[in-house]
Amino acid sequence: MSDSEIERLISEDGIRCDGRRLDEIRPIKFQLGVLKNTDGSAYVEWGRTKILVGVMGPRESHPKHLALSDKARVEAYYRMASFSVEEWKSPAPSRREVELSKVIREALEPAIFVEFFPRTSIDIFIEVLQADGSTRCASISAASLALVDAGIPMRDLVASIAVGKVEGKLVLDVQDKEDKAGESDMPMAYMPSKNAVTLLQMDGQITHDEFMQSMELLKKGCMEVYKKQKEAIESHFKGAVSNQEEA
Amino acid sequence: MSQRIVPAVKRRQIIELSESGRRMDGRTLTDYREITIQTGLVEKAEGSALVSIGGTKVVAGIKFEVGDPFPDIPNEGVMQVGAEFVPFASPEFEPGKPDEVAVELARVVDRGLRESKVLDTTKLCLIPGKKVWIVHVDVYILDHCGNLIDTAALAALSAMLSASMPEACVEGDTVKLTGKRVPMPLTDIPINVTLAKIGNKLFVDPSLEEEEVLDCRFSVAFKENGMLCAIQKGESGYITPEEVLRAVEIAKDKSQEIRKKVVESLKLKSDKVGES
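So the protein sequences, as listed, match chains A and B.
Per my numbering, the very first residue in the first sequence carries number 45; after that it's consecutive.
Per my numbering, the very first residue in the second sequence carries number 206; after that it's consecutive.
Only chain A is shown next, with the shape it has when bound in the complex (with noise of 0.2 Å):
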């Protein structure tokens, strides 16, 4: 074959790069209650994706103008650290880190009940240490996380998860490799119970009819990422109780 020095990140019985299905997710863990001096905060491990959260709050705004009279105010901060990707990053803020705090928080605010905390904010710290695609969707997913931990009340869990084209096929859940080299990539953020859709992106190019079944996956992809997420709050409290009654 005249493309076999070109890698293929799809076999020809549909096993992806890594050995996963087109429609498989990556192996995920996420941990809540990681950290000491934050309110709430969530570890997530998505494949070679790492991500640490953490989130302050409800607490008084800083500076005080900015505090909302009749809802807390939630702002993100996603920041990459320098070495979690291949060339050195600047750790100043990039166009690309500062649209991506703004739609990860759109995305997770429609989860927090904040008419309940008027005039406080809530921040969400995101810290990127190793990025191996899908950084958005691991950070919403653990975000949510790390507000449960907060004791924040919240309509649902937001879960995430992004599907690509590659080499003409739609596959779940894009790793580092694939989205460089893909045709697209579609990340959505979705809370279940309120079939909400709360954050919804794409860059490259599909027909409406892959659009439409792209949308069905994610869909399928998000409910995944939900089950784990429950699964971890789960053994987090359990873990809590028990201690309770050692103690």
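Hints listed in this document are in silico derivations from the structure and should not be mistaken for laboratory results.
Virtual Cβ for every residue (Gly too), placed ideally from N, Cα, C.
Please note that the accuracy of each hint is not assured.
Heads up, simulated DSBU-like pairs for lysine-lysine below, C-alpha to C-alpha not over 30 Å straight-line [to be verified]: (1) A:Lys115 - B:Lys215; (2) B:Lys406 - B:Lys466; (3) A:Lys224 - B:Lys268; (4) A:Lys263 - B:Lys457; (5) A:Lys133 - B:Lys215; (6) A:Lys224 - B:Lys457; (7) B:Lys268 - A:Lys133; (8) B:Lys335 - A:Lys133; (9) A:Lys238 - B:Lys406; (10) A:Lys263 - B:Lys406; (11) A:Lys133 - B:Lys336; (12) A:Lys282 - A:Lys263.
Footprint (simulated), chain A over chain B, 3 or more residues, beta carbon under 8 Å [said to hold, decoys possible]: (13) 424–432; (14) 435–446.
Starting from the known structure of chain A, arrange chain B on it as the hints suggest.
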């Protein structure tokens, strides 16, 4: 609290009106406001366009510069989209460096253009690995009456479609400009369409008063061949998957309508641009 009472009343009014398919300014839910496109306003720019959608006004200018390529794509030109919010465009805008709203706008406009491959950057290489054309696409928001994304995207596109680039000749390691102008290597006419979700209705081309009360905004860009090339959901509300599908259907129709308008306004010969 008072600053939120007026929007709450207005929101109810907008939703009630939308039940009968109407809007505050008399449009139907799928109507755009009037679109005007004026090109060539700024002669010193290689391409420029002043676009208005209703009262929203955006001017875009294209400038070329010889520069260094990105290390990972050494043989391709570079396109850079910037957005400036001029303080007289809205009492909400403040002088200073672009905030997250401006950054998002620039990146959404950039994505629509870039992902459609409207500009063939492979044809903008001067000396492989050393010198390429840098194309600056800058949009200036002059008056904000709602739907900045579509207005800015249309201004950027129109400026590109009306632009001609400097001709360069390469002698050894130096790039010389001949003083002549040649057409830009353009391949598509991508159109961005934005809808607002308010209550359970979708509003095409939201006005400022609609934007003030919306749940969320949904933008999608289409290539000429009907393929989707960019999506952005914005603001802190949500949209259901069913509404997303409906929004894409509506936007697809609207994109064709606007593309026709662009072709007519710019007197493009056919749907194949760049072949003049």
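The hints, checked one at a time:
Restraint check: the Cα-Cα separation between A:Lys115 and B:Lys215 comes to about 20 Å, which is no more than 30 Å; the hinted pair holds. Among the hinted pairs, B:Lys406 with B:Lys466 is consistent with the structure: their alpha-carbon atoms are about 26 Å apart, no more than 30 Å. For the hint pairing A:Lys224 with B:Lys268, the CA-to-CA distance comes to about 28 Å; that is within 30 Å, so the pair holds. For the hint pairing A:Lys263 with B:Lys457, the CA-to-CA distance comes to about 23 Å; that is within 30 Å, so the pair holds.
Between A:Lys133 and B:Lys215 the CA atoms are separated by roughly 46 Å; this puts the pair beyond 30 Å, and the hint is violated. In summary, the hint linking A:Lys224 to B:Lys457 is supported, as the alpha carbons are separated by about 27 Å, within the 30 Å threshold. Restraint check: the Cα-Cα separation between B:Lys268 and A:Lys133 comes to about 28 Å, which is no more than 30 Å; the hinted pair holds. Between B:Lys335 and A:Lys133, the direct Cα distance comes to roughly 23 Å. Compliance with the 30 Å bound is thereby established for this hinted pair.
For a cut-off of 30 Å, the pair hint linking A:Lys238 to B:Lys406 stands: about 17 Å separates their Cα positions. Our distance criterion of 30 Å between C-alpha atoms is met by A:Lys263 and B:Lys406, whose separation comes to about 22 Å. Pair hint A:Lys133 plus B:Lys336 holds up; C-alpha atoms about 24 Å apart against a cutoff of 30 Å. Between the alpha carbons of A:Lys282 and A:Lys263 the distance comes to roughly 28 Å, so the proposed pair stays at or under 30 Å and holds.
Counting residues of the stretch 424–432 of chain B whose C-beta lies closer than 8 Å to any C-beta of chain A gives 4; at least three are required, and the coverage claim holds. Only when three residues or more bring their CB closer than 8 Å to a CB of chain A does the claim for the stretch 435–446 of chain B stand; here the count is 12, and the claim holds.
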